[in-house]
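*Asks:* Sequence:
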Amino acid sequence: MTERSHEELASVLCDLFGLAAAGADVTPVGRGAMGQVWRLTVSGASYAVKEHLWGVDERAVARGAAFQRAADAVGVRSPRNVPTPGGGLVGHLPEALGGSGVRLYEWQEGPAARPDAAETPQRLGKLMARLHGLALEAKDPPEPWYETVDEVDWEHLAGASAARQPWQEQLVEALPGLRSLAALVTPSKPDDRILCHLDVQCSNVVDTDRGWVLLDWDDTGAGCADREMAMALLRWFASDGVDGDAIGRTMTAYREAGGTAVLDPERSFAMHAASCLNFVAAQARLALDDAHAEHHADAEKRLINVLTALPDLATYREVERFAMSCDGGKGGAAT
13 MTERSHEELA
23 SVLCDLFGLA
33 AAGADVTPVG
43 RGAMGQVWRL
53 TVSGASYAVK
63 EHLWGVDERA
73 VARGAAFQRA
83 ADAVGVRSPR
93 NVPTPGGGLV
103 GHLPEALGGS
113 GVRLYEWQEG
123 PAARPDAAET
133 PQRLGKLMAR
143 LHGLALEAKD
153 PPEPWYETVD
163 EVDWEHLAGA
173 SAARQPWQEQ
183 LVEALPGLRS
193 LAALVTPSKP
203 DDRILCHLDV
213 QCSNVVDTDR
223 GWVLLDWDDT
233 GAGCADREMA
243 MALLRWFASD
253 GVDGDAIGRT
263 MTAYREAGGT
273 AVLDPERSFA
283 MHAASCLNFV
293 AAQARLALDD
303 AHAEHHADAE
313 KRLINVLTAL
323 PDLATYREVE
333 RFAMSCDGGK
343 GGAAT
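Mapping of the sequence shown onto the numbering used here: residues 13 to 347, in sequence order.
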């Protein structure tokens with residue numbers, strides 16, 4: 013990654029987004045798989061900066077912003093997008109500072125939402141119902157990441173090329189489970205697709221003094237309500253054993269708020285399975301790619317984390333069973 017001072021970065025960010033640079037300061041907040049998050053403080057105000065390390069699709073940004081506005085109208089809070097002086101939502105750092113696309117948002121003060129908090133099932137169920145109730149048309153096809161699994165030579169990734177890597181043994185042990193997940197991956201039906209957030213997880217929800225605020229609308233795209241619901245339940249309530257009570261209460265709140273998605277054991281978990289498989293393959297390849305040595309440590313950490321928490325078919329079945337309990341055990345149409 014390009015060496016740069018925080019002072020220089022802060023000055024450039026202010027210039028890109030039309031802010032006064034005097035006294036501006038920027039500090040790192042966190043790193044995701046797709047980007048670095050910074051906190052920019054200037055003139056007594058704070059902003060969140062997302063630096064997209066792997067490029068940014070401005071058409072997708074516009075789609076996410078439109079969905080964000082529609083969701084805000086039905087009570088889903090999100091941070092305000094700060095535009096550039098020209099009205100765009102993406103600025104671009106000079107090549108000397110890495111050349112990445114950057115976005116600016118109002119800073120949201122508060123901790124990430126906690127899965128074990130008493131009010132979480134009620135809040136999550138209502139949030140998902142509001143998003144799905146919009147039922148906005150998905151004009152573009154789904155991203156392949158959520159629908160298909162690339163041809164992956166797992167033996168190669170886990171074999172000699174990964175020798176002496178800290179994650180090699182875990183990947184070898186995970187191979188049978190990865191193949192089982194691959195068998196679940198099927199494309200969704202076009203008629204069932206709506207516009208979805210596709211990344212509703214704890215780290216993307218800030219618990220502020222005015223309620224939950226949903227972050228990171230960058231992945232907005234075509235999806236199915238039941239598949240997004242299955243993914244959310246797994247991310248919130250199945251990372252360390254399945255919390256059946258929380259799943260049941262979330263689905264009850266979802267129903268009470270008008271949510272209609274019903275999990276189907278044969279198809280609803282396809283998106284989660286595809287995402288897991290594609291993430292494992294992508295991080296393993298990145299960890300072995302000498303052209304991106306600066307990302308090796310981050311990729312290794314993420315790969316170890318996902319392999320440690322890799323779901324299995326039994327977990328999917330258990331989540332589906334608890335989700336169906338609020339409907340009297342009746343399944344719905346496959347999607």
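Keep in mind that the hints were calculated from the coordinates and are not lab data.
Computed from a prediction, not measured in an experiment: that's the story for all the values here.
Each residue gets a CB set at the ideal place from its N, CA and C atoms; glycine is no exception.
Please note: incorrect hints may appear among the correct ones.
Stated by the list, open to error - Straight-line C-alpha distance at most 27 Å; calculated DSSO-like pairs for lysine-lysine:
1) 138 / 201
2) 151 / 201
3) 138 / 151
As the list claims (entries may be wrong) - Computed beta-carbon distance windows for the label pairs:
4) 178 / 98: 43 to 53 Å
5) 33 / 199: 44 to 54 Å
6) 30 / 178: 16 to 26 Å
7) 97 / 291: 47 to 57 Å
8) 178 / 267: 22 to 32 Å
9) 184 / 34: 20 to 30 Å
10) 70 / 123: 30 to 40 Å
11) 220 / 35: 24 to 34 Å
12) 35 / 325: 36 to 46 Å
*Asks:* Verify the CB-CB distance for residue 184 and residue 34 against the hinted window 20 to 30 Å.
*Replies:* violated, 55 Å
*Asks:* Measuring from beta carbon to beta carbon, are residue 35 and residue 325 in 36 to 46 Å?
*Replies:* At 55 Å between Cβs, range violated.
*Asks:* Do the beta carbons of residue 33 and residue 199 sit within 44 to 54 Å of each other?
*Replies:* Since residue 33 and residue 199 have Cβ atoms about 48 Å apart, the given range 44 to 54 Å holds.
*Asks:* Please check whether residue 30 and residue 178 have a Cβ separation lying inside 16 to 26 Å.
*Replies:* violated, 45 Å
*Asks:* Check the following: the C-beta atoms of residue 178 and residue 267 are separated by a distance inside 22 to 32 Å.
*Replies:* violated, 44 Å
*Asks:* Are the Cα positions of residue 138 and residue 201 separated by 27 Å at most?
*Replies:* With a Cα-Cα distance of about 25 Å, the restraint between residue 138 and residue 201 holds, given a limit of 27 Å.
*Asks:* Given the hinted pair residue 151 and residue 201, is their Cα-Cα distance within 27 Å?
*Replies:* holds, 14 Å
*Asks:* May I ask you to test the hint 43 to 53 Å on the CB atoms belonging to residue 178 and residue 98?
*Replies:* This hint holds: roughly 46 Å between Cβ atoms.
*Asks:* Given the range 30 to 40 Å, decide if the beta-carbon distance of residue 70 to residue 123 lies inside it.
*Replies:* Holds, at about 31 Å.
*Asks:* That 47 to 57 Å hint for residue 97 and residue 291 (C-beta), does it hold up?
*Replies:* The hinted range 47 to 57 Å is violated for residue 97 and residue 291, with Cβ atoms some 37 Å apart.
*Asks:* Keeping to a limit of 27 Å between CA atoms, is the pair of residue 138 and residue 151 held or broken?
*Replies:* Roughly 25 Å between the alpha carbons, so the hint for residue 138 and residue 151 holds.
*Asks:* Cβ-Cβ distance between residue 220 and residue 35: within 24 to 34 Å?
*Replies:* Taking Cβ atoms as reference, residue 220 and residue 35 lie about 26 Å apart, which means the hint holds.
Hints 6, 7, 8, 9 and 12, counting from the list given before, are not met by this structure.
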